[in-house]
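Protein chains: 2
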Amino acid sequence: MTQATFTATGHLVLDSNPIEPRTVRVAIAGCGVVGGDLVRLIRESASDVLTGDGVRLEIVSVLVRRPEIERGLPLSPELITSDVSRFQSASADIVVEAIGGTGVAREIVEDALARGARVVTANKALVARHGAELATLAARAGGRLDFEAAVGGGVPIVRSLRDSLSSSGVVALRGILNGTTNYILSRLAEGTPFDEALALARRLGFAEANPERDLNGSDAADKIAILSWLAFGIDPARLAVRTRGIVGTADRLAADAKAFGGVLRLVAEARAHSGGVTAAVEPTIVSADSELGRARDETNVVQVKTRWNGTVTTSGPGAGGRPTAAALLGDVRSAARPLAVGIAAGAVGSGRAEPETPPARWVVSIRRESGVGSELRAELRHTGVHADRLEIDSESGVIRALLDPAKWDRVDALETRLRRAGFDPVVSRYLV
Amino acid sequence: MTQATFTATGHLVLDSNPIEPRTVRVAIAGCGVVGGDLVRLIRESASDVLTGDGVRLEIVSVLVRRPEIERGLPLSPELITSDVSRFQSASADIVVEAIGGTGVAREIVEDALARGARVVTANKALVARHGAELATLAARAGGRLDFEAAVGGGVPIVRSLRDSLSSSGVVALRGILNGTTNYILSRLAEGTPFDEALALARRLGFAEANPERDLNGSDAADKIAILSWLAFGIDPARLAVRTRGIVGTADRLAADAKAFGGVLRLVAEARAHSGGVTAAVEPTIVSADSELGRARDETNVVQVKTRWNGTVTTSGPGAGGRPTAAALLGDVRSAARPLAVGIAAGAVGSGRAEPETPPARWVVSIRRESGVGSELRAELRHTGVHADRLEIDSESGVIRALLDPAKWDRVDALETRLRRAGFDPVVSRYLV
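Taken in sequence, the protein lines are chains A and B.
First residue of the first sequence: 27, per this note's numbering; consecutive thereafter.
First residue of the second sequence: 27, per this note's numbering; consecutive thereafter.
Bound-form chain A, shown alone (with noise of 0.2 Å):
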């Protein structure tokens, strides 16, 4: 069969490559946040793309409303462009729409989809509103769209229900969907007020300068229609969901979970029975030790029940520029990709593997003998290694120490010199 060889540094090498580096054209709609940061993730990963996709990545062209604008972003000046027509004459293979809304957003990805290019985005009212025939349209000009960054910021819950857990038989979705509302949310349960609260998220860039989908549940309307749409078939512009927000009511309705012991969660929910599938988003009581409960801050976490593969949970950071660029690049690299290939061949490459590792905490534990604290003390000091306490167990016999944070070859080291002393040590790490 076919031999690879590996280089010193774990590169892969074939005896006669068959993945000639392609150049893939890829053209950016919308240079805000995310688009920016796609941008600089784009640059920054380059070799990872080249090295683990055999892939070149080109931008060639990046739409703004305002190209006098700064952006101390990589890009040469003769890129940006404010004309839409410019922009789709640019004829990428791959097209990143990042500019939200159904306007321009909408014609720009029917223009590439339509000439059969393959788009991202990240544009939850486009796909909500207008997935299902835009999917259509890929497939009749034997294009492509992906949406990973449309729900869930980083987590990557698209894929996974498309790919993996759609055939697992969805039952039911719950999840936290919209990051400046559980930001707020976290905020509210610790005493802050809630204009105070909405302030910090702006800082923070967890919300735009108008938060009103966010704060009304629209936002998290419209991404439940869409895992909606990959869990059951439904097309998610005909999916009414039953949406409660917590505009002016955000103070009382966390007053309100406090009152009855829990804490308060904007909860997107979806459920298949009989004949229909039921959704809504609004404020929910939970448990502060429940998933829900336990995802603070600006966390999005899904839980997928299935009648064949139980329950999955995922969550992740669910706002902020980055994550959701990541998400972008993933789609892209994916659109990218060789298509018949399951994993690229190349994707073997950069790493490579060495018994080093940082400190860590440990502990050892001995069976008692007479005499054998001193013992192992003794064994400590000669390893080098310190304990910060040590215990005995007289009930089962057991001395324990747990040591200051040491490498394993010092625990390798100890363990074997008290297996030679007879002492017989188990050791375990310790996280706590």
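Hints are not guaranteed to be accurate.
Identical chains blur together in the list; that is why a pair holds if it fits in one copy or across any two.
[What the hints assert, rightly or not] The calculated lysine-lysine pairs, modelled on DSS-like cross-linking and capped at a C-alpha distance of 30 Å, are:
#	residue 1	residue 2
1	Lys331	Lys284
2	Lys331	Lys433
3	Lys284	Lys433
Simulated from the structure, these hints should not be mistaken for lab results.
Given chain A's structure and the hints, the job is docking chain B onto it.
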């Protein structure tokens, strides 16, 4: 632009359907617990796959060791064979390998990839030891290798890492990757002795007849090596995973954990640092309320720490035939889909939205007015909603009711009535 129309039941109808249903030929090597569940799942989900992907999955051959066994599967007997060359001559489009090990399983996978077929496998030992060369073989022949089911059972971590999170700059992975040991450790924490816990795990189908590779950490070591490949591009066969299991020491390790205020988990970890990747599987003491400590029974959990995207955590069932079969089917569907389409147009179809839902619990609060406690009770009675508790918060001047389970429309009616009566109600769902 293209118009897609929907029937009364929500099915997508295209004016000229671009996606003719295609038949995709699937051969399954191995028909134990996982292979058998896959056959059942393919039958059960046939109409979903047809509607969603436009694909008809046809099982063309099933390789077994002993064809004479009655398996009670929906398969015609002539499809079942113990002859490897006969199995290979079925020329399937997709070959599923569910045998395990690196003997005949490897032969079958190499043969299939060499002739350009798409291979889906649950075999962690094979992918950990030969994944890089198999991926090379797939790339050369235009085939494809997928292995979602090899790591994490039903936790969709392979695809998440490969297609999404690898673009976020992965720094470290940490998780519980072996459901069998985690089930046993959960029982030990409750005071069950090891032998009894192992017997229970066997009875529930989590532990094999020979659970040695689970208990000594080898199974988890294979899995963290595979995840390190996807996250860091390192050849899994060349990653030295420092591995300690719980063979012969489980009871003592559990007691040590308890003595130091934590619970024991078999934790797999991989970390990138300057010039290399280190990886370990070892007994680890964690807080009972940490992500790892909260993963009980056969649950698997993976935390992915990234530069651009914070930490993403995914958990779900990590053992059992059905979750593994569902993960295999997810890969089969991905491999069978029209390759250019990120989401298939046919994916819109079988769902229907309706504004109905099972009864839920709710909290309603109103601002206090004179005599309002009795008035609230009257409104509740009038709407046919019952309240478990009615509380007056004299400090904030609010009266709160925790309602008995009621449907949306009841609660909406109550809210409307209260608003009309001038009480300014707010409503939360109650999941505590």
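Evaluation of the provided hints:
For the homomeric pair Lys331 and Lys284, the shortest alpha-carbon distance inside one copy (28 Å) is at most 30 Å, but the shortest distance between copies (32 Å) is not. Taking CA atoms no more than 30 Å apart as the test, Lys331 paired with Lys433 passes between copies only; the shortest distance there is 22 Å, against 41 Å inside one copy. In this assembly of identical chains, the alpha carbons of Lys284 and Lys433 lie at most 30 Å apart only when taken from different copies (23 Å versus 45 Å within one copy).
Going through the hint list in order, the structure satisfies each hint without exception.
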